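Novice: Which chain is which? The protein sequence lines are A and B, in order. Following the working numbering, the numbering of the first sequence begins with 1 at its first residue and continues without gaps. Following the working numbering, the numbering of the second sequence begins with 1 at its first residue and continues without gaps.
Hints are computed from structural coordinates only; laboratory data are not their basis. Among the hints, a few may not be true.
Treat identical chains as interchangeable: a pair holds within one or across any two.
Calculated pairs, SDA-like style, for lysine to any residue (alpha carbon to alpha carbon, straight line, at most 20 Å) [as the list claims (entries may be wrong)]:
(1) Lys247 with Gly113
(2) Lys247 with Leu30
(3) Lys54 with His303
(4) Lys237 with Arg26
(5) Lys54 with Arg13
(6) Lys302 with Asp43
(7) Lys237 with Arg74
(8) Lys54 with Gly14
(9) Lys247 with His311
(10) Lys302 with Ser241
(11) Lys247 with Arg74
(12) Lys247 with Trp41
(13) Lys302 with Arg105
(14) Lys302 with Cys114
(15) Lys302 with Ser71
Here the structure is a predicted model, which is why all the values come from computation and not from measurement.
2 protein chains.
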Amino acid sequence: MIAVTPPSVMAARGLVEPVLRDAVARLDPLTARVAGYHLGWSDPAGGPVSSGGKALRPALTILSARAAGGSPERYLPAAAAVELVHAFSLLHDDIMDADRMRRHRPAAWTVFGCSAAILAGDVLLSLAGELLLDGDTPGHVRAARTLAVATRELVAGQALDLEFEQRSDVSLDECRQMATRKTGSLLACACSIGATAVDGPAPLIAALAAFGAEAGLAFQLTDDLLGIWGSPAMTGKPVLSDLRSRKKSLPVVAALTGGTAAGDRLALLMDGSEPLSEADLWEAARLVEEAGGRSWAETEAKHRLDAAERHLDAADMPPDVRAEFLDIAHFLASRGC
Amino acid sequence: MIAVTPPSVMAARGLVEPVLRDAVARLDPLTARVAGYHLGWSDPAGGPVSSGGKALRPALTILSARAAGGSPERYLPAAAAVELVHAFSLLHDDIMDADRMRRHRPAAWTVFGCSAAILAGDVLLSLAGELLLDGDTPGHVRAARTLAVATRELVAGQALDLEFEQRSDVSLDECRQMATRKTGSLLACACSIGATAVDGPAPLIAALAAFGAEAGLAFQLTDDLLGIWGSPAMTGKPVLSDLRSRKKSLPVVAALTGGTAAGDRLALLMDGSEPLSEADLWEAARLVEEAGGRSWAETEAKHRLDAAERHLDAADMPPDVRAEFLDIAHFLASRGC
Chain A
1 MIAVTPPSVM AARGLVEPVL RDAVARLDPL TARVAGYHLG WSDPAGGPVS SGGKALRPAL
61 TILSARAAGG SPERYLPAAA AVELVHAFSL LHDDIMDADR MRRHRPAAWT VFGCSAAILA
121 GDVLLSLAGE LLLDGDTPGH VRAARTLAVA TRELVAGQAL DLEFEQRSDV SLDECRQMAT
181 RKTGSLLACA CSIGATAVDG PAPLIAALAA FGAEAGLAFQ LTDDLLGIWG SPAMTGKPVL
241 SDLRSRKKSL PVVAALTGGT AAGDRLALLM DGSEPLSEAD LWEAARLVEE AGGRSWAETE
301 AKHRLDAAER HLDAADMPPD VRAEFLDIAH FLASRGC
Chain B
1 MIAVTPPSVM AARGLVEPVL RDAVARLDPL TARVAGYHLG WSDPAGGPVS SGGKALRPAL
61 TILSARAAGG SPERYLPAAA AVELVHAFSL LHDDIMDADR MRRHRPAAWT VFGCSAAILA
121 GDVLLSLAGE LLLDGDTPGH VRAARTLAVA TRELVAGQAL DLEFEQRSDV SLDECRQMAT
181 RKTGSLLACA CSIGATAVDG PAPLIAALAA FGAEAGLAFQ LTDDLLGIWG SPAMTGKPVL
241 SDLRSRKKSL PVVAALTGGT AAGDRLALLM DGSEPLSEAD LWEAARLVEE AGGRSWAETE
301 AKHRLDAAER HLDAADMPPD VRAEFLDIAH FLASRGC
């Protein structure tokens, strides 16, 4: 199903991009070029390109500030900081996962080399904290701490994800925890850090973080489904790339641990160490479906979305902000980004 | 010349290590193991080892807090944060430079793989900011900003260092600027961030940062000399490793740009792209010396040390603190660490 990008996501891009460009302008020219390419602003030589990129996490941060009531100069640094941490994690993840494509373009490390991509990721992570500390209000300092904790969780999730590729005994619960840390933590942060930056009330911040964590899981489930059944035109990645790298994604682990004959046959394919043939990959995708991994993940994504909505109901905010939050959550759980 | 490690450096280790261990205990077990190995606390399996590591940067931070007068609970997080940023940069630099040895042990990436070492570096960088923000005083927030700016400079320096390996027209001034950013920035930060954390006076902070930047250059010059003429037993790295990777270190660039016949012969060796033979490496080292690169770097290190001392004279601090600062600066410029 193709979902339409919510208007608030498109609007967020226009709001946050000037802050991001100012931030990246602080970098040395070599690293700024890698960052500009990765952020979709320029070609490998540094020439400008018209980018159609979205700003999903900044949109959530702006909404969370609007839920608390706050001014743009207070919340835009937080929106930009979340996007910088997201950019850092993609730059480094693509190296670790050996993913050669990102958003329909060659991944930065394939263009500039691993060293340049590592350095660009490093400095974008550092820049995220620097942006928030420029704000210099108690809310910005708390926001910087929230972002640092989310980064620690994100790294823990990525470490588990990589470990799972080497293990054949990953439980569904372990896999869910990994996704909560890898994807849920930064989305929980994106959904709450705007309210934090504008000194919003603690119960609102907690409810928004819980909403973001659940929406993040729904998103990860959808992303995992697209990693198997999504078209390369949609995902911007090669077909079946997650199965190729034997990623223990949620639908795969649900299929492996469901106690079915198809799951057992899938385990034989996934446990090997030699590269999987194209025929093996299609067979693996079929087995994930036959073992119930696909329908489980689809149902689970709906459950997470319902849970997210309940957290939103518990929070006090203007109805239009609530509607836009839900709009983005449904977009996340249908399209993946 | 073998210098004795100053007592304040040995003492700093005992003071800062508990803070570092508490910080690393926040990490997931997988990443904590890589961090513990890299910090010299454990073997690859996570078993404890008796480490003889130094704490040079934390010692400078503690001195800078003592120069301003401040309590340990205020300055120890800053001392630990600087060490964490240093650890992050070594973890990632070893991957980029393909350095297989670090402090007489296999580099973390050779033990745990590149992905695990990238992640460990990422999270130590983030943890540094988190530690300072836990402090939650105006001084700690300013210290976190100082550290973020130093990190940005450090990344810029490393990006230039890598670019220079591909270029044959690096000027001595460019090379000096690279070293100022790569090495000077974090040492300037280490020498001033303690005073910042305890809300010391701005002129003291500026003088200490200037002292650290000059001492950092003296240190880099010495480190570059050791990278060519140091024994592996001293450096913990293979002999002639800097020349092997065609690193445009300060003595090499001084030799290349000095307008001598030896410098021209050196350029022929350094400009090639095929691996240098052992005979070529020894010939390159000889040519650096013949072209005056060695004596230039030795003299320049002394000049930087004199300049550092002048900055220290301009700052108001207890005489014992000043003496210990000088002690460490001379240690840095004689031994390298």
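Novice: Look at each hint and say if it fits the structure.
Specialist: To see whether the hints hold, each was checked on the structure:
1. Lys247 with Gly113: Close across copies (18 Å), not inside one copy (24 Å); limit 20 Å.
2. Lys247 with Leu30: between (33 Å within a copy, 18 Å between copies)
3. Lys54 with His303: neither (26 Å within a copy, 52 Å between copies)
4. Lys237 with Arg26: Answer is neither: 31 Å inside a copy and 34 Å across each miss the 20 Å cutoff.
5. Lys54 with Arg13: within (6 Å within a copy, 47 Å between copies)
6. Lys302 with Asp43: Classified as neither: same-chain Cα gap 38 Å, cross-chain 45 Å, threshold 20 Å.
7. Lys237 with Arg74: Intra 36 Å, inter 48 Å, cutoff 20 Å: neither.
8. Lys54 with Gly14: within (10 Å within a copy, 49 Å between copies)
9. Lys247 with His311: Close neither inside one copy (30 Å) nor across copies (55 Å); limit 20 Å.
10. Lys302 with Ser241: neither (24 Å within a copy, 56 Å between copies)
11. Lys247 with Arg74: neither (40 Å within a copy, 44 Å between copies)
12. Lys247 with Trp41: neither (30 Å within a copy, 32 Å between copies)
13. Lys302 with Arg105: The answer is neither: 31 Å in one copy and 50 Å across copies each exceed 20 Å.
14. Lys302 with Cys114: neither (38 Å within a copy, 37 Å between copies)
15. Lys302 with Ser71: neither (34 Å within a copy, 53 Å between copies)
Of the numbered hints given earlier, the model fails hints 3, 4, 6, 7, 9, 10, 11, 12, 13, 14, 15; all others are met.
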